[in-house]
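Residue numbers (the working numbering), protein chains in the order written: chain A, 134 to 417; chain B, 284 to 526.
Rather than coming from a laboratory, the hints here were simulated on the basis of the structure.
A quick note: this is a predicted structure, and the numbers were derived from the prediction, not measured.
Certain hints may be false.
Stated by the list, open to error - Okay, derived cross-link-like pairs now, SDA-like style, lysine to any residue, Cα gap no bigger than 25 Å in a straight line: (1) A/K358 with B/Q408; (2) A/K309 with B/F519; (3) A/K309 with B/S301.
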Amino acid sequence: MEAIYSILEIILPFEFIDYTFMKNALLAIILVSPIFAILGTMIVNNKMAFFSDALGHSALTGIAIGMLLGISNINISMILFAVIFALLLNFVKNKTTYGADTIISVFSSIAIALGLAILAQTGNFNKYSSYLVGDILSITSSEIFYLLLAFIAVILFWYFMFNKLNVISINSTLAKSRGINIKLIDNIFVILIAVIVMVSIRWVGILLINSLLILPAAASRNIAKSMRSYHLFSVIFSLFSGICGLIISYYWNVPTGPMIVIISGIIYFITFLSNWGKNRLFKN
Amino acid sequence: MKKVNTCGLHCTKINNISVKIGGQEILKNVNIHVHCGELTVIIGRNGAGKTTLLKAILGEVEHAGNIVFTDMKDNKTKKIKIGYVPQKINVEKHMPTTVYDIFASCISDIPVFLKKDKKVYKEVQEQLKLFGAEKTIDKSIGDLSGGELQRVLLSIATKPIPNLLILDEPVSGIDKNGTKDFYNILQELKNKYDMSIILVSHDLDLTKQYADKVILLDKEVVKEGTPDEVFKSLEFKNRFGIL
Chain A
134 MEAIYSILEI
144 ILPFEFIDYT
154 FMKNALLAII
164 LVSPIFAILG
174 TMIVNNKMAF
184 FSDALGHSAL
194 TGIAIGMLLG
204 ISNINISMIL
214 FAVIFALLLN
224 FVKNKTTYGA
234 DTIISVFSSI
244 AIALGLAILA
254 QTGNFNKYSS
264 YLVGDILSIT
274 SSEIFYLLLA
284 FIAVILFWYF
294 MFNKLNVISI
304 NSTLAKSRGI
314 NIKLIDNIFV
324 ILIAVIVMVS
334 IRWVGILLIN
344 SLLILPAAAS
354 RNIAKSMRSY
364 HLFSVIFSLF
374 SGICGLIISY
384 YWNVPTGPMI
394 VIISGIIYFI
404 TFLSNWGKNR
414 LFKN
Chain B
284 MKKVNTCGLH
294 CTKINNISVK
304 IGGQEILKNV
314 NIHVHCGELT
324 VIIGRNGAGK
334 TTLLKAILGE
344 VEHAGNIVFT
354 DMKDNKTKKI
364 KIGYVPQKIN
374 VEKHMPTTVY
384 DIFASCISDI
394 PVFLKKDKKV
404 YKEVQEQLKL
414 FGAEKTIDKS
424 IGDLSGGELQ
434 RVLLSIATKP
444 IPNLLILDEP
454 VSGIDKNGTK
464 DFYNILQELK
474 NKYDMSIILV
484 SHDLDLTKQY
494 ADKVILLDKE
504 VVKEGTPDEV
514 FKSLEFKNRF
524 GIL
């Protein structure tokens, strides 16, 4: 870790990097932004934005249930609950003919209500209310290690399974005819989303976590012409808004999560307008 | 297309397929027997279970019954290769998925988000060419016309050449000429390759003209036979009125 810190100090000769919490925050952003960006591409393609949002909301419930069961490490209870929640949602979504958004909404509401009720009842709500907005400067070096593991897991999954995921997203029966195990891949995908969301939620915040998954990919989708540019732009946008958001938040003294989201949002509208303008020109 | 051989010696038996979803019986004891070089067309009203039957054959929905593929030359049962053309796919205009991206995802393990593999690209292009769709390769899959999309999907389904080709014909988006072209392509496929074709069709005129065998489905097979036999049957008239 010390070696990485000193490298950061050499390549970034700025004032903000002198602080360890800023170094940690920067490392976390460098690791997690590309993951958000690439997972986001398929979340957007599969119209799962609401799904990942509901997943984020389940964090409080995970904490609350973990406390009831006496699990001391809240990270573990959050991740466990989110994984179960994600698999359950996936299962119910595939079993019913109702609109998926209604099902997700029902699950999401119950999860939040349950979490809030338990936390309030046990008098712990104030302690965990910081999870709503998150605090990137609280990140520790051991958490960066977890992020690194998550990073590797996602990259491996994407490398080996992306093509299959891509076919499933276009048409699941077509995927089945090519011998793809739809359920397995779909479930691994949502488990990965659940894990990534939970390891990041403490510093991004429940309210904003979904924006980091959705905005870079959505912005990229406005201008990308192929899967390669879709991923490339998404990763660039995500890293750019993450790093800029962190630096700006340091100098302007605003919270980092919202700053990152604001920058991603601006990028989204720029790509949206450029795409819109191009289409109009094209028509004329 | 190069000629392989049409031998009529491969047969696919779809035995006793039943599907229940949520306690409701969608399909009951469906038996279908198809030979290579034969176009079997499944017709039926909305909700007759046509798409469900295809999904059951492909193993996407849980079902009772089985599918046996036999090579009658040596009378051995083999694992069947099925190609599938879906009725519609999940796409939007201008989406960043090109025809290459989808095709390569189906036939190769080289991740398409990382690079465009030259060898795969060439393979895809050649296959598309067989169906006159090579120009679409770098287009967004959401920007294709209905006819183009159908050709692309057909070229994916026939790479590698399957024993059984299953097609769910789109309800809309293709004009009359396009549909006719499509049936002509199927005709060519079944004549030149060692392939059985099962098509779910919504166009009764063309079914009459092109099908070798027609199956009228209404939760179960209510009538099967040559187009004439089926179209003149009482079962057909009860469900479609008089044609």
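Now for the hints, and whether the structure bears them out:
no.: 1; hint: A/K358 with B/Q408; result: holds (18 Å)
no.: 2; hint: A/K309 with B/F519; result: violated (32 Å)
no.: 3; hint: A/K309 with B/S301; result: holds (19 Å)
Violated hint for the displayed structure: number 2, the only one.
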